[in-house]
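Residue numbering for the sequence shown follows our numbering, beginning at 1 and increasing consecutively.
Hints in this document: simulated from the structure, not taken from any laboratory. Note that CB positions come from ideal geometry on N, CA and C, so glycine has one too. The reader is advised that the hints may include incorrect statements.
[As the list claims (entries may be wrong)] Dumping the calculated DSS-like pairs for lysine-lysine here, alpha-carbon to alpha-carbon at most 27 Å:
#1 K407 x K202
#2 K612 x K629
#3 K364 x K407
#4 K275 x K494
#5 K629 x K681
#6 K494 x K668
#7 K181 x K494
#8 K268 x K364
#9 K19 x K3
#10 K158 x K566
#11 K209 x K236
#12 K19 x K120
#13 K209 x K442
#14 K315 x K364
#15 K598 x K161
#16 K604 x K158
[Unchecked claim] Have a look at the derived ranges for each label pair, beta carbon to beta carbon:
#17 E219 x Q571: 38 to 48 Å
#18 S247 x Y329: 17 to 27 Å
#19 F186 x K217: 23 to 33 Å
#20 H128 x Q571: 56 to 66 Å
#21 S309 x G472: 21 to 31 Å
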Amino acid sequence: MAKTLVIVESPAKAKTIEKFLGKSHYTVKASVGHVRDLPKSKLGVDIENNFEPQYINIRGKGDVIKELKKEAKKSKQVYLATDPDREGEAISWHLAHILGLDETQDCRIEFNEITKEAIKKAIKSPRHIDINTVDAQQARRVLDRLLGYQISPILWEKVRKGLSAGRVQSVTTKLICDKEKEIEAFEPKEYWTIDLEAKTEKNKDITLKFYGKDNKKLELDNEQMVNEILEQIKDKDIVVENIESKSRRKSAPKPFTTSMIQQEAANKLSFTTKKTMMIAQELYEGIDISGEGTVGLISYIRTDSKRISEEAKEKSKEYILEALGENYYKNAPEKKENKDAKKVQDAHEAIRPTSVTRTPDSIKSSLSKDQFKLYNLIWRRFVASQMEDSVFDILNVECRVGSVLFKATGSKMKFDGYTKIYNFSDREDKILPNISKGDVLKSEDILPIQHFTQPPARYTEASLVKTLEELGIGRPSTYAPTIATVLNREYVEKQGTSLCPTELGIIVTNILESNFNKFIDVDFTAQMENKLDSIEEGNIEWKEVVSETYAPLKEAIEKAIESIEKINMDQETDEICENCGLNMVIKHGRFGKFMACKNYPECKTTKPIVNKVGVKCPKCGEGDIILRKSKRGKAFYGCSNYPNCDFVAWNKPTGDMCDDCGSYMVEKVTKSETKVVCSNKDCKKEQEKKLEEDGKISIDEK
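Taking the hints into account, I'd like the entire structure generated from these sequences.
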């Protein structure tokens, strides 16, 4: 008996869905991502033939395609169940082409979560492939190819090989470079605050802060202004002039969109955007839960929508009423979203758990540490979004000292509301002492403090994602790969959690600004996203958008080839070439940085760059300890005599030996401090590094 073939993108997803549908009537196979794309070796867009894309089957996908064709041929029906977004729609379109399916027939199914109910419901409601959505993706792909494949070779020739430019990545790098310019141009400004320490009539402490004078707010810009205020309040009574008590409500945050989960996971869990999306994908595709089997734990992870289905709302209501009580459920009607919001951005639900009764603690044993952290964040955010506001009692106290005003504000949580579930901060109540209007306070101390404004902070991954979304650059699903690209290309580097432009990033950005400013302009990139939305809505033809974009690009490319001067990125070192005696320079090759003779090509001497840490190997005593990187890019320390000496360590050896057990000591870096500890896990020897006044490091034994 012929079966129905269901094709998804991921083997993990295929396994989960096949379990729900049963093997007796359904076969579920994975395309393992894209099967057809533009060729890597050439432009792949026929510019003369109205920008017709020249798609080819992806190299290495031959066996997958062969198997899918074989299964499709013997199946009574084929359903394409790729992800419910533009890229997923395009993959289904390509699959239909390869398998000879009629795209106008009902061969496409989609679902927002991988649960038994959602899959069976989708099977009952197939539709045809949405060609407008496909065209929006084609426009994006072709535009990115035209920009990337025609600008990147100019960078190879003028700067160095291996560089790239892109519609979104170049704008992202520009934002980071522009922020650095702001920081460099920043001039600190002086300002002052005055704290007034006082006691109430019942001898309770209270701190008042300077507000202004003559009932007007006043900014203290210099010491002279401060001295004038101090003179005016000298030996004068502090009189409580006004007390205002009120309640303030704080509403729960909405459930996660893609960009918000990336920001919150960075801020609350210290996850990179790449890590967040990788773990979220695992939770979406399915986890083997003890007692249940494999099941998708969260809804689709690439969404701009904050909408929640009525069924999910009802389930959350039942949970809140039963687990927390009626006073925690928010029964008020939700505010309607802006009618002008684009339908393509609201195509899905927000990210939520597929079952609210599947609490994080109940499935903790089935999840990895990081999976639990992210699921816990998603589950709590969703439940909290359906809960009542938190309520605070606010007490504002205004005191007058002559004509000078001082204020104090206290707050106390009256009802925890949604924070009972979603609370990741260590907020404490600030309780003011009992005080009445007309009371006279006793002055204990006056504390004038000088401050200087601080430069704008560099972007972190979280703040960059927020900015990209606010400016309408790219789509949330592109943020993680975009950030990964600018880091991998070495246009940007991480200093702690901050994103800083490299010299290369600044040079490339300057070249692009000078020659292709329109195409890396924030407004242009945002407007392009709007045009892609219009294509998806069927309001504009995709090749028309590509054509009007390409005309100025072609002109800019022709000018750039003539005007850009070649830039030498080689860095001269103190290392001397052993063959000709000239200085060695740092060059960049396919596999990273290396040293080569300055006299190349006459002298072809090269050598790898070795990052010595100034410590001899504790194992062989002869080799130097050098900093290396694993295949995954994680730093570790090894001996320069490898493979003759196989010493390796994750932590940096200090060159000292443990007095207690004789093992070597290492530096152990945590978020809060750097310690020197014994490498022997069974030895508890520990020392603390301290910075002395002369800048040298001293070590105190514990």
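message: Would the hint linking K209 and K236 be met if the CA-CA limit is 27 Å?
response: holds (16 Å)
- prompt: Is K494 within 27 Å of K668, Cα to Cα?
  reply: Holds - the C-alpha atoms of K668 and K494 are around 20 Å apart, at most 27 Å.
- prompt: Are K315 and K364 close enough, with their CA atoms no more than 27 Å apart?
  reply: Satisfied, since the Cα-Cα distance of roughly 21 Å is no more than 27 Å.
- prompt: Quick one, are K364 and K407 close enough, alpha carbons at most 27 Å?
  reply: Answer violated: K364 to K407 is near 48 Å, above 27 Å.
field: Agreement of K612 and K629 with the hint, judged by alpha carbon distance not exceeding 27 Å
entry: holds (13 Å)
- prompt: When you check the alpha-carbon spacing of K275 and K494, does it fall within 27 Å?
  reply: holds (15 Å)
- prompt: Are K407 and K202 close enough, with their CA atoms no more than 27 Å apart?
  reply: holds (19 Å)
message: Checking one constraint from the list: CA of K19 to CA of K3, max 27 Å. Satisfied?
response: holds (15 Å)
query: Given a hinted range of 17 to 27 Å, is it respected by the beta-carbon distance of S247 and Y329?
result: holds (20 Å)
- prompt: CA of K629 to CA of K681, is that 27 Å or under?
  reply: Status holds; Cα separation ~23 Å.
message: Taking the Cβ atom of E219 and the Cβ atom of Q571, is their distance within the range 38 to 48 Å?
response: The hint (38 to 48 Å, Cβ to Cβ) holds, given that E219 and Q571 are roughly 47 Å apart.
- prompt: Is K158 close enough to K566, meaning Cα to Cα at most 27 Å?
  reply: This hinted pair holds, its Cα atoms lying about 4 Å apart.
In the structure shown, a violation is registered for the earlier hint numbered 3 alone.
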